[in-house]
Amino acid sequence: MLTSGIILLAGSLLSPNPGLIFWTAITFVIVLLILKKIAWGPILNALEEREKGIQSSIDRAFQAKDESEAILRKNKELLAKADAESDRIIREGKDFAEKLRADIAEKTQAEAQKMIASAKDEIEQEKRRALAELRNEVADLAVRGAEKIIKSNLDADTQKRIVDTMIQDLSTNRN
Amino acid sequence: MKRVNVIQPKAILKVIAILVPLLLNVNGHAFAASGQSSDVPKSSAAAAVAPAVAVPAAEAAHGAEAPEGEEKAGDVIMHHILDSNVFAFEPFGSINLPKIVVGGFDISITKHVVMLWLVSALLLIVFSVVGGQYKNLTSRNAPKGLANAMEALVEFIRVDVAKSNIGHGYEKHLPYLLTVFFFILFCNLLGLIPYGATATGNVNVTLTLSIFTFFVTQIAAFKAHGVKGYLQHLTAGTHWSLWIIMVPIEIIGQFTKPFALTIRLFANMTAGHIIILSLIFISFILKSYIVAAAVSVPFAIFIDLLELFVAFLQAFVFTMLSALFIGLATAHEGHDEPAAGAAHH
Numbered sequence: 004m005l006t007s008g009i010i011l012l013a014g015s016l017l018s019p020n021p022g023l024i025f026w027t028a029i030t031f032v033i034v035l036l037i038l039k040k041i042a043w044g045p046i047l048n049a050l051e052e053r054e055k056g057i058q059s060s061i062d063r064a065f066q067a068k069d070e071s072e073a074i075l076r077k078n079k080e081l082l083a084k085a086d087a088e089s090d091r092i093i094r095e096g097k098d099f100a101e102k103l104r105a106d107i108a109e110k111t112q113a114e115a116q117k118m119i120a121s122a123k124d125e126i127e128q129e130k131r132r133a134l135a136e137l138r139n140e141v142a143d144l145a146v147r148g149a150e151k152i153i154k155s156n157l158d159a160d161t162q163k164r165i166v167d168t169m170i171q172d173l174s175t176n177r178n
Numbered sequence: 008m009k010r011v012n013v014i015q016p017k018a019i020l021k022v023i024a025i026l027v028p029l030l031l032n033v034n035g036h037a038f039a040a041s042g043q044s045s046d047v048p049k050s051s052a053a054a055a056v057a058p059a060v061a062v063p064a065a066e067a068a069h070g071a072e073a074p075e076g077e078e079k080a081g082d083v084i085m086h087h088i089l090d091s092n093v094f095a096f097e098p099f100g101s102i103n104l105p106k107i108v109v110g111g112f113d114i115s116i117t118k119h120v121v122m123l124w125l126v127s128a129l130l131l132i133v134f135s136v137v138g139g140q141y142k143n144l145t146s147r148n149a150p151k152g153l154a155n156a157m158e159a160l161v162e163f164i165r166v167d168v169a170k171s172n173i174g175h176g177y178e179k180h181l182p183y184l185l186t187v188f189f190f191i192l193f194c195n196l197l198g199l200i201p202y203g204a205t206a207t208g209n210v211n212v213t214l215t216l217s218i219f220t221f222f223v224t225q226i227a228a229f230k231a232h233g234v235k236g237y238l239q240h241l242t243a244g245t246h247w248s249l250w251i252i253m254v255p256i257e258i259i260g261q262f263t264k265p266f267a268l269t270i271r272l273f274a275n276m277t278a279g280h281i282i283i284l285s286l287i288f289i290s291f292i293l294k295s296y297i298v299a300a301a302v303s304v305p306f307a308i309f310i311d312l313l314e315l316f317v318a319f320l321q322a323f324v325f326t327m328l329s330a331l332f333i334g335l336a337t338a339h340e341g342h343d344e345p346a347a348g349a350a351h352h
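As given, the protein sequences belong to chains E and Y, one line each in that order.
Using this note's numbering, count along the first sequence one by one with no gaps and you end on 178.
Using this note's numbering, count along the second sequence one by one with no gaps and you end on 352.
Hints may contain errors.
Stated by the list, open to error - EDC-like cross-link-like pairs, simulated, lysine to aspartate or glutamate; straight-line CA separation at most 16 angstroms:
id, chain 1, residue 1, chain 2, residue 2
1, E, Lys130, E, Glu140
2, Y, Lys170, E, Glu54
3, E, Lys39, Y, Glu178
As the list claims (entries may be wrong) - Which residues of chain Y face chain E? A partial, calculated answer using Cβ under 10 angstroms:
id, residue
4, Val93
5, Glu97
6, Ile114
7, Lys151
8, Val187
9, Asn209
10, Asn211
Said to hold, decoys possible - Computed footprint of chain E on chain Y, listed as stretches where at least three residues anywhere in the stretch have a Cβ under 8 angstroms from a Cβ of chain E:
id, segment
11, 80-92
12, 118-128
13, 177-184
14, 251-262
15, 325-338
Derived by calculation from the structure, the hints in this document are not laboratory data.
Virtual Cβ for every residue (Gly too), placed ideally from N, Cα, C.
Throw the hints in and build the complete structure from the sequences for me.
Written out as structure tokens, the structure reads:
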């Protein structure tokens with residue numbers, strides 16, 4: 004405590020010294036100028052350059068990331084599109100096949116129907132023809148029977164009944 | 008393990024029991040003898056301190072310098088801190104520095120001038136090496152060694168001090184800030200080594216440096232807003248009736264900043280040295296080896312380490328505040344002017 008008091012009282016700590024101020028100023032300015040030339044310039048340039056390099060690297064990395072993301076998105080889109088396309092094609096194929104099947108089935112049905120119809124027609128014709136033939140035959144037979152009956156027995160009523168019965172029989176046999 | 012724990016305190020007690028009387032005894036003898044042959048005990052005291060740590064040893068050597076025993080501790084401390092025309096290398100002699108007087112001005116080369124030049128030489132050597140390394144350094148390879156160490160500091164000043172305080176256009180002021188930082192740092196550090204003197208512990212040196220900051224700040228302010236803006240700045244954007252108060256306050260404010268810088272650096276560097284020397288001198292005043300071993304040397308070492316930190320801290324603070332003042336002078340109008348201008352017109 005005492006010592007510091009003495010020091011403060013001495014006062015010479017704060018005494019101005021123009022010589023020292025002069026030398027400090029000169030020295031400092033010279034050091035500043037020389038250092039500016041030999042050290043700060045190159046160092047700061049290098050730092051700046053490195054900073055820029057790092058920044059550009061980061062920028063490039065981000066750009067690459069963005070690009071890759073865009074490509075990925077595009078790929079996904081394309082994939083989705085392709086999926087939809089294939090779905091559509093399959094569905095269309097299915098539809099077409101279905102239609103084809105239905106067409107063919109219909110056509111077949113129609114064909115069959117037609118064939119059945121023609122067969123029926125034919126059968127009907129055959130039947131009619133057969134009936135006509137049968138009628139002729141029956142007429143012949145009837146005539147012949149009549150001939151016989153007439154030849155043997157010309158009792159009209161009896162004979163008529165006989166003929167009728169015979170015809171009746173024939174028709175029942177026929178059916 | 009337990010046994011050892013039990014034994015150790017006992018052993019320490021024994022050692023103390025042997026050492027304390029011995030030290031007291033030797034002390035008594037030494038200082039009793041100091042009456043007749045004055046030089047022997049002092050130098051032995053210096054020798055006893057010397058192996059402990061280099062710096063306090065040097066300070067102790069300073070203390071031992073007064074063989075008459077009449078010089079007071081305060082005088083010795085003052086002698087150590089103040090500038091002088093003699094560069095003393097205590098046990099080996101001293102160099103008388105030339106006295107130069109030009110036109111009535113005393114511009115003699117003093118101890119602190121020599122320290123300034125040593126600092127400058129050191130700065131130039133270190134940074135010519137570093138700068139050379141950077142010249143053939145592309146952005147693809149990393150700096151190493153000294154360049155790497157200095158780059159950390161340079162980058163710190165560039166980004167955390169200049170860029171964050173000045174903002175736009177900080178590159179212009181970087182050379183000044185960097186130089187002032189390293190100049191003060193090296194001055195502070197050289198003051199800590201034996202035989203060194205702290206040039207930044209001299210108020211004239213710090214005054215000169217802060218005058219540089221003052222000029223840099225003022226020029227930056229003029230460049231940033233021109234004469235009209237500068238004068239407007241002095242009114243602090245207040246109503247004209249307040250100008251009679253505001254303008255003197257602002258003008259005084261311009262000068263208090265460098266004044267604070269001056270005193271801060273000077274006081275910090277001087278205080279540390281005074282504390283170290285005072286701690287050392289406690290043992291000489293009390294004439295005791297015990298005090299020297301238990302108080303002076305440990306505390307002096309502690310303060311010395313603290314001073315190492317303060318050397319960096321004060322260099323940083325000076326640079327930081329310079330940057331801050333420049334930033335205030337240049338950027339103030341940037342965000343303040345629109346509101347102030349609206350109030351004016």
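Which of the stated hints cannot be reconciled with the structure, identified by number in ascending sequence? 4, 5, 7, 14, 15
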